[in-house]
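Trainee: Listed below are the residues making up each chain.
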Amino acid sequence: MVAEEPHVQDPPKYVRRILFGILPPEKIRKMSKVEVTTPETYDEDGYPIEGGVMDTRMGVIDPGLRCRTCGQPAGKCPGHFGHIELARPVLHPRFAERIKDVLRATCPECGRVRLPEDDIEEYRREVREGIRPVKSIAAEVVERAEDRESCPHCGAEAPKITYQKPTTILMDDERLWPVDVRSWLEKIPDGDVEILGFHPERARPEWAVLTVLPVPPVTMRPSIILETGERAEDDLTHKLVDIVRVNLRLKESLESGAPEPIIEDQWDLLQYHVTTYIDNEIGGVPVARHRTGGKPLKGIVQRLKGKEGRFRQNLAGKRVNFSARSVITPDPELDPFTLGVPKMVAKELTVPERVTEWNLERLRKLVLNGPDKYPGANYVIKRDGSRIRITEENKEQVAENLEPGDIVERHLMDGDPVMFNRQPTLHVQSELGFRTKVMPGKTFRLPAACYMGVGFNADFDGDEMNLHVPQSEEARAEVHELMGAYVYHLWPPKDGHQDVRNSPIHEAIVGLHLLSRAWIPLKEAYQLLEEVKKEGDWFDPSEVELEPEAEYSRDFERKIHRLEFVCGHPSPGEPLVTGRQLLSVFLPEWLDGVKIRNQVCPEDEEHGTVVIKRGRIVRGFLDEKVVHGIMGELVHRYAARKVSKGEGYPWFEAAELALKVMDKVGRLGLRFVTRYGFTLGMDELEEIYRRFREEAEKICRRAIKRARKLIREGERRLREVEEEDVCNRSRVERGEMIERNIESEVMATLDRPRAEVERLLEENRDLFNPAYIMPESGARGSITNIARMALIGGQQAIMGERPHRAKHNTEHIMEKIVNYSYTDRVTPHFEKSLIPGIKEGGFVRHGFFEGLDMVEYFLHAMSGREGLIDKGFRTADSGYLHRRYVTTALDLIVDEDGRVRDSANNIIQLAYGEDRVDPAKKWGDGMDVDRVLDVVKEVVLEEEEEE
Amino acid sequence: MSGLEDRIEGLLREVCEEEDVELPVALEREIVERVAEDEDLKEADEETLRRVLRALVRNYKVRMIEPGDAVGVLAAQSMCEPATQMTMRTFHLAGVAEIDVTTGIPALERVLSLPYQGPPTWVIYLRLKEPYNRDEEKAEAVARKIRETRFEDLVREIEVNPEERVIEATLDREEMERLGVDEDELTEFVREFTGGACQVEGDTLRVVLTDVESISELAELANELREAVVKGIEGVLHASVQYDEEEEEYYILVRGSPDGTSGRPPKWISRRARNSKVAKRAYLMLKLMQLDEVDATRVNTNDPKVIDVLLGIEAGRNAVIEQLEDVYESQGISVDRRHFMLISDMMAFWGELRSVRSMGGYSIMELKGSPLTKAAFEYVSRVLTETATSGDVEELRGILENIIVGRPVPVGTGTVEVTVDYSRFREAEEEEE
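Heads up: the sequence lines are chains H and G, in that order. The first sequence: position 403 = 403 (the numbering used here), numbered continuously. The second sequence: position 48 = 48 (the numbering used here), numbered continuously.
Next up, chain G with everything else stripped away, as it sits in the complex (with noise of 0.2 Å):
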């Protein structure tokens, strides 16, 4: 920094004391530099610069949003009203099964409501360290690692033979190559899943279970290999190896079960998500951000709630924007960011993200006191009943208490009251005579 700019930085700060406002750092920055650097103020004295300056903190305060103004409903305003103009349409992500992308209304109704349910596909973006997101072999060697292989997956049918206490399944070859899944490693699975003896003769694989006692046993012992995960992490629908132009790097684009893991997650998560569906996708996520390979710090997913649980309130409060501009940028509808942050950030209040859904434990009408604006808004009859048992207290601090009991509203000019003071004009009137 130059000498220049500390002058300018505390004359700066000067001015802003005068005209009593606080510049938003990158501004203060922006304008010390800008005057800095400017040709024309090069043999400027103080004086000019002061006056520069002061003109510069005057425009920035006429341009600051007025006490009493209805944010809240601006935001809500701003973003549905170009909801009308939305189109439904889904967008396939090429080579990519079963991952749509949804947008317009029901993508921004569940942005809305997503603490309360998940998204309908639920996609991991997983960014890779040097030199896996150079190379899309090394991609595809990590997406292959972590996609779950189920042992249904690799063979072609399983028989169970109840007199022999023997569970006998016919290998796809193809498919144990393509899955990247050697004999070897699927005898050894198999031994210790079932604790039986193992064998592969041809095509066949023989499991003998001396051990298992009943037939009812034998079959759902088959039952869970079927579906027991031979490779990979459970819960990794999907892994596909994506290439991302601005980035020039591959990535590996992930579909999570809904469901997501299997095992116990660590604590934190889920003391912070309530919810178990929730902490198990949190789970799944932290597992893969846990890989060697995976660059954890650029890891994305489009549910918030599991942000939230995983990272913190403001990394969920952040997804949740993210989401909104997403939403309003695939129609091609221009809305200001600081809507999106309005919402976003009554979303995160409550220390978890909240959403705005009419009830339920995660919405936030639920958490406002005002009985009456709850009544008006749905569930009159319910609202009414548990307002009157818990003896509650409409203390009429909102907007919509008022509008019912014909009161002015605390609203712009209703925040504030001008009275005229009768005893100046009377003092006036003495003067005069």
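Same shape as in the complex, but just chain H (with noise of 0.2 Å):
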């Protein structure tokens, strides 16, 4: 068979540029369908009338109607513009300070710019060159011309323009209408409106003075009708019939030869009636607003502005289809980048795939299965283009008709790539590729042991998150090539693998890290490993060959490392295995000659460095910070070999190498933890606090004891200074040199006994002790968090100051008044002082074990109320950043040969980052060479021994 070129459908129309100008008004009347020439709108039956802003010629809203222009019913008919020919000229409000300039610049005799011949000639020149923008050139030219009293060309006198807002021109003091605007505009020949910003074939100046008004088709400005049966016009119709009640009766007024005044107030009613439609914002006019109720009216700016306005709402974002939203929960035992999609879920979005003889069978099944019943489908679309509802009745016809050609859209299954993303969306990780896996339940199912979350900054206290499903073949190969197992989300591109976000978290560190110090007894590491496997999996324990280390014995706990210790109750004799061994289970045996230094205990000459040999973990206790390190050997050193074996593109498999084995060691860190336990309560503080209690007394004694010489001290000079009666500037400088510095010595003073504190007990580490493991392992918390639990709160501070009421500040001083308000102590408990004192100043001694007392109580509260207020600010003041920034940096994109370009294909930078290495995949600073070189040349040598 002859394979068939696919049906492509006739693209919609393709937008190749889009000009921008002002619509002249024989435009406007040719495009138009209809003049608009009454203000009515539907007679008795309701029904539009003709010649009125609702005339069935601009479009139809109602069902049963047949537009008359397209002869299409509504849903169906784009819509035509229509048009009111003005009884007078009006300016367009937002042009009318332009036309001002203009008239400014240009000569009312002659039309021509008030500037010499060469002189225009060269600004034409500039103009055309469009080396600077058109605007500044503008700007020059107008500032220019304006200066001139009389013009270069045909010698008439130079009239003072004013200009009221919004839309009132004076020539000498006397109105200049916009009859008399356009035709001063009219006289300028094209050469000097091109000088002055304007376009000669799309913009010409006097276009700007609406003689003609465009009226919008009805589908932009539909009624609705409200549960009472009556109809709601649009803010725009509203607008437009007041338009043409006016326009029409100061024709009338016109035809009738009324009074000149008369006609002038109406003029200007019509004037007002087309700004407020065009902007109804407009400083200086009254804002136009609802008959009933009174809300402002929606201009045409109004529509296009904003965050809700037309650009940012419709146009630079987009609604979606195929898209679902749920709770998230986590779930250890699915594969990483797994994502664990609701039943309900699946059968509602679709997956749309083409019948091919291969497939047919398949397909023909889930067509059988109907909407209801999973895996099924739920439309299928012939080859014609009719789509057909699959349903109870007709899946038998459907599913026999079914034929090469077709397209069935099918429930989800497992597999489908989806996207999968978390609001809000502030960089690449915050959307990934996942792939399906349908489940019961209601809740969208995230990967727990190596956990996918921390890009997304998700927890499971409620946060939601949405799918998106890729509905054509590209999008989905993208979806799973480029946003899945990717580099870029183990590795983001922030700062590349020093920046790691996808890997065994808290318990699950907590777990590791105790499992590379435990002896276990051999049965149970194999009932460990045994639960490690999950179902059809590669892995196989009962494959695993674990050599006994050592046999237990009355006094090994002696024997062993002093961090070490042995899990479960073995007998004497009993065969154990160290927890590094069985972690070595998951390590390729290529991983070879890693040495990583931890964070745990660095200082330790056998387990501070954690060294691989030939995938085995020879020695050294495991934290976050070996984990994260090892997860990049893994794909860097797995790529390097691939690459240096000549196999072409690594990163996928690299990356999916990494997260296989991640997952394997996070689960075992987490059954680990399950199994013998780890928590953190009253007794591991009480133990911390009872061992530094007093230690830490005489910390704060001390620094308290310092921190009242210096206020004393402080007090003194500043009283000093306060005495002085001179004033001048330098003196004021040294009173508030003086109470800064003191201020801020004492800061630093009562800062100091909390970070002592954290010293003293980083120097005496219980490693056996929780409180210590949680935060040393990196699993969650720091030592600050322990030192504040068990012994002392620490300085509070505000704004990065001791908290404090207004001070006397430069003013006190001058004018000697220290009395004249709440002033100098925090509260009304205190005595007045220059210089807070120290517990006045928000030092807390007390740690949260021993609880706080009133005064620090409240201090501290009002420290944790400026986070808040903090975070509150900072959310607002970044996301406003990110998008200035984002949109300004959006087109900045890598050609091919390595060049960064902006959209206007300006080079930026002839090579990225200088090197042109990609952030996310650097290994060290860009090519860790000495790395690099170890694996190359293991590959190399082992490729020649071969040979």
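None of these hints come from the bench; they were simulated from the model. Where is the CB? At the ideal position from N, CA and C, for every residue including glycine. Don't take every hint at face value.
[Claimed, not checked] DSS-like cross-link-like pairs, simulated, lysine-lysine; straight-line CA separation at most 25 Å:
no. : chain 1 : residue 1 : chain 2 : residue 2
1   : G       : 368       : H       : 645
2   : H       : 135       : G       : 42
3   : H       : 645       : G       : 42
4   : H       : 937       : G       : 61
[What the hints assert, rightly or not] Below, a sample of chain H positions facing chain G; criterion: calculated Cβ distance under 8 Å:
no. : residue
5   : 104
6   : 307
7   : 496
8   : 567
9   : 869
10  : 872
11  : 889
12  : 893
13  : 906
14  : 909
15  : 919
16  : 936
Using the hints, put the two chains back together into the complex; each one sits in its own frame.
Mentor: See below:
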């Protein structure tokens, strides 16, 4: 059979470029299908009146009616423009200011720009060359021309043009009506129009004076029927009715020869309605409001503007189909980059699959299942484009008629690529490609063993996330290959592998840390491996052979490393393996010569550095840093090996491998910590409290003593300055400086105890106390948290300073006012002083274990509150920064030669980042020659041996 | 360079040509050195070396950025996402009044819109030549020399006696000593400044101005005198000696006036500055750099725009990178340097630093050609009116424009197209038959 060219639908009209300009009146008339002449909208039967603003020649919105221009029913008819012939011209409010500039720069007699011919020629050349923005040329022209008193072309004197916002222009203090403005502007020759910032073909200045007003199609201002059966018209329709009505009245007045003032009033009214129709938020113009309710009407500008405006809401961002949103929950049984999707979602979201000879039977079965039975199908699209909804009634028949070339929209199935996203979508890692795993329940399930939520910044306290199903083969491939198991999401572009994202976290890290310190009875070790195994896994514990490294004996605990321990209750003689052995089970053999210093006990000679030889962890205790390090080594060594062998693009496989290993390692950590238990409670804090209380007290006392001295000294010096009766700059400055310095010294002094207590805790680490294990292994929290809980709250700060009330500042010193209001003490419970006391200044001496006293509690809450406020502002600030930033840098793209260009094809960088290295793929700073060379040598030598 | 290195370099060049890759110079150097000093490869023959080098080159190749990557967005995201975690903290430099170093989002904001508005506190780091940087005393002397000292700093009170055409000031001996101004110096200065006779009796300094005609003129002169700079460089609000532990030297931290210094900046400054304040700031920095005691090659400031004006766009670009690095480093957030480079290069592209702001003379957005992008960004109606009057054309080359009109976006896989050559299918079919 000859492969047939698939039927490609005619692409819709392709937008090549968009020309901007001002519509000339002839064009408005030409594109108009109807002249709107009457303010009436509907007749008694509710049928649109001919010649009204709802004329059916401008399109229809009511079902049942047909458009009189294109003959199509509502929904199909795109709508058509109409027009209003204005009885007298009016200014377009958005252009009025520019028109004023033009009038000031040109001669009312001959219409030329009031500059010598040579200058005009020069500017014209500049405009055509396009080096300088036209805007700045025009500004310069206007600036120079308006200063001239007479026209160099005809000698006419320059009138004085004044402009009153928004639409009034005066010439020599007399009103210059739009008619006159228009005829003046018409006189300006094309060549002069150019240098005034207008465009001779697309935007002649006189077109900004409206003689004909286009009436937008009914379809873009549909009326809605309220529950009461009444019609509610769109704001634009209301405004258009006003315009037509006033226009009609003005026309009648003109025809009947009404007195000038009346005509002028009506003309102004027309101007007002046109102005507010276009922009209803112009300063100085009364806002047009709804007749009922008084809400401001939405003008055309208001439709476009702002976050909810057309541009940002509908054009730069679009709505999509085939998406779902639900709560997320964790699932340690899921493979990394697999997403648990609820069945009810899978039945709703479909994947279009084209029927071929080879999948016909499979798809037929799906069609036979129908829309309700999973896995089924919801629609079939025949080759002629007709769409058939599969129902319980017709499913047999549809299945029967299924033939190659049809498209079946089948339910989402296991393995389908999907996109998963959490807002705010701040970076690439906020939207990742996952593989579907359909599950019962109603939540999305994220893999938890090798946690995939870090880049999303997701937790499971009720977070919701969004799912998107790609609908074409290309999109599916891109989701799978580019958004999926890819280094970008393991090592984000922010800082490459130095910023590992998706790896075991929290309790899994604790588990791994403890496991690497543990001796485990052989039997229990196998049990653990068995627990790690998943259904249909690549990993089979029965193939693993663990060599026992020791046998348990009564004094075994004394023989092992001081930080190691024995798990469970082995009987003497029972074979034991190390946790490191157990972990090594999952490491590939080629992982060799890796040395990573940990952060738990880097000083320990034996176990401070993790050493991996031939895929075995020879020694060393794991912690977060090591786990991340191993992941980095796995990916980069694998990639380097593959590349050295000449096997092409390595990153998908490398990332997949790292995830495969880390999933198992993470599960092992989880299983271990579940089996042997881990908790951090009051007892652990009490232990620390009892051990260090005295020392901490001493530290506090010392600091308080020093601070007291500083404060006393500061008071004295400040009083001294205050008592001098002369004021000059340097004296004031000196006073401020003393206060500042004392304050910052006091702050520093009182801030020290907490740091000292922390150091004390650091120096006397007890890695058998969970309160230490948790922060030190990098699982969660920090020593600061422990210190705060067990021993000392430390100095509280508000905006980087000790809490204080209004200070006697410069003015106080200068005017010697110290007592004019509630100043100089934090609360009325303290004595007044120039420098707040220690407690008053927010020094919290107790830890949470002991409990805070009243003053401490209050001031601690103050700085806690600052944190909350700060956070609120930060999100808003950084959100705006982010938007601005992304929009400006949006179009910087690497071209095929590794240069960075913007959308105007300007070269921004000749080589990206100077060395063209992708930050996501960097090893070390770019390419770590030492480490790569190690791998390369190994591979090359291996190959040579083979030969 | 040894013979071995030469040989390796030659081989490396050949390999690069085969692989169609151009190595960055630093990397090339590193590879040559590392391979040359490698023990295991001492004995290696040419074929082995070639293999090793080829593998190394290929390893670089797979780490290269790929065509079509939207590096601008990556840079923006990499810099802004961590900004949500930044804390707002103010650091005080010990002993220096009013020099706050802001960090966090405000600092980031500041750097990005810097060309538009200078830093809130403008600081110059004056590095000194030997021996001034070794000795605190000597450094202090330099600081005293440049710190601006105004007349009012040296006196307690100034009184104007209009009848006698006399200005009287009570000297503040303490301050004079502290600021290192002696009586003669002061009288000489006043004499020159006012053009009148000047005498000191006890603690009172009398200036007799017989030439002055009106009282208002006298009062004005008194005011001018009050603010007159007796000593130092105008605009140096503060100068304090600091110790740099890394460099083990003393340097002077200068807080400059945001209005810069007086006098007419050289033409080349004003031409590049566009904004007169920036020119005046640059002029102040120039004055400081020209001091004999100052090591001009190491002087730095926290205003990249000044650096741009004074030392050129390349230096300005580096200053922006440096500032960005500082912001993130102070927050303990690690961000790849390449992102900073890209943003700085974007800001520097037009030959003078431009800011990442929405509008205004110095903003990058203003220069971007695309009306739709501008409209979707901010100030919709303003953009649209301006675009309409000038009859601009939207060429739809960028990202946002194409999203707006619903076309595929020219980035990543959108930059290339894949088609199937159906004629080849038919050929294959025919062959089979």
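Trainee: Each hint needs a verdict: does it hold in this structure or not?
Mentor: Here's how the hints hold up against the structure:
1. At roughly 46 Å between alpha-carbon atoms, residue 368 (chain G) and residue 645 (chain H) are farther apart than 25 Å, so this suggested pair is violated.
2. A distance of roughly 67 Å separates the Cα atoms of residue 135 (chain H) and residue 42 (chain G); the hinted pair therefore is violated under the 25 Å criterion.
3. Between residue 645 (chain H) and residue 42 (chain G) the alpha-carbon distance is near 22 Å, which keeps this suggested pair within the 25 Å criterion.
4. The suggested pairing of residue 937 (chain H) with residue 61 (chain G) holds, with an alpha-carbon distance near 18 Å, which does not exceed 25 Å.
5. About 15 Å separates the beta-carbon of residue 104 (chain H) from the nearest beta-carbon of chain G, more than 8 Å, and the hint is not met.
6. Because the beta carbon of residue 307 (chain H) sits about 10 Å from the nearest beta carbon in chain G, more than 8 Å, this interface hint is broken.
7. With 8 Å as the threshold, the beta carbon of residue 496 (chain H) comes within range of chain G, its nearest partner Cβ sitting at about 6 Å, so the hint holds.
8. A least Cβ separation of about 37 Å between residue 567 (chain H) and chain G goes past the 8 Å threshold, and the interface hint is therefore violated.
9. This hint is violated: residue 869 (chain H) has a C-beta 10 Å from the nearest C-beta of chain G, more than the 8 Å allowed.
10. A hinted interface residue such as residue 872 (chain H) counts as satisfied when its beta carbon comes closer than 8 Å to some beta carbon of chain G; here the least separation is about 12 Å, so the hint is violated.
11. For residue 889 (chain H), the interface hint holds, since its Cβ comes within 8 Å of a Cβ in chain G; the closest pair sits about 3 Å apart.
12. Given hint, residue 893 (chain H) at the interface with chain G, holds; its Cβ is 5 Å from that chain's nearest Cβ, closer than 8 Å.
13. Taken as an interface hint, residue 906 (chain H) checks out: its beta carbon lies about 6 Å from the nearest beta carbon of chain G, inside 8 Å.
14. Against a cut-off of 8 Å between C-beta atoms, the interface hint on residue 909 (chain H) holds, since the closest Cβ of chain G lies about 5 Å away.
15. Here the hint on residue 919 (chain H) is kept, as its CB sits about 4 Å from the closest CB of chain G, short of 8 Å.
16. Hint on residue 936 (chain H) holds. Least Cβ distance to chain G is approximately 4 Å, under the 8 Å limit.
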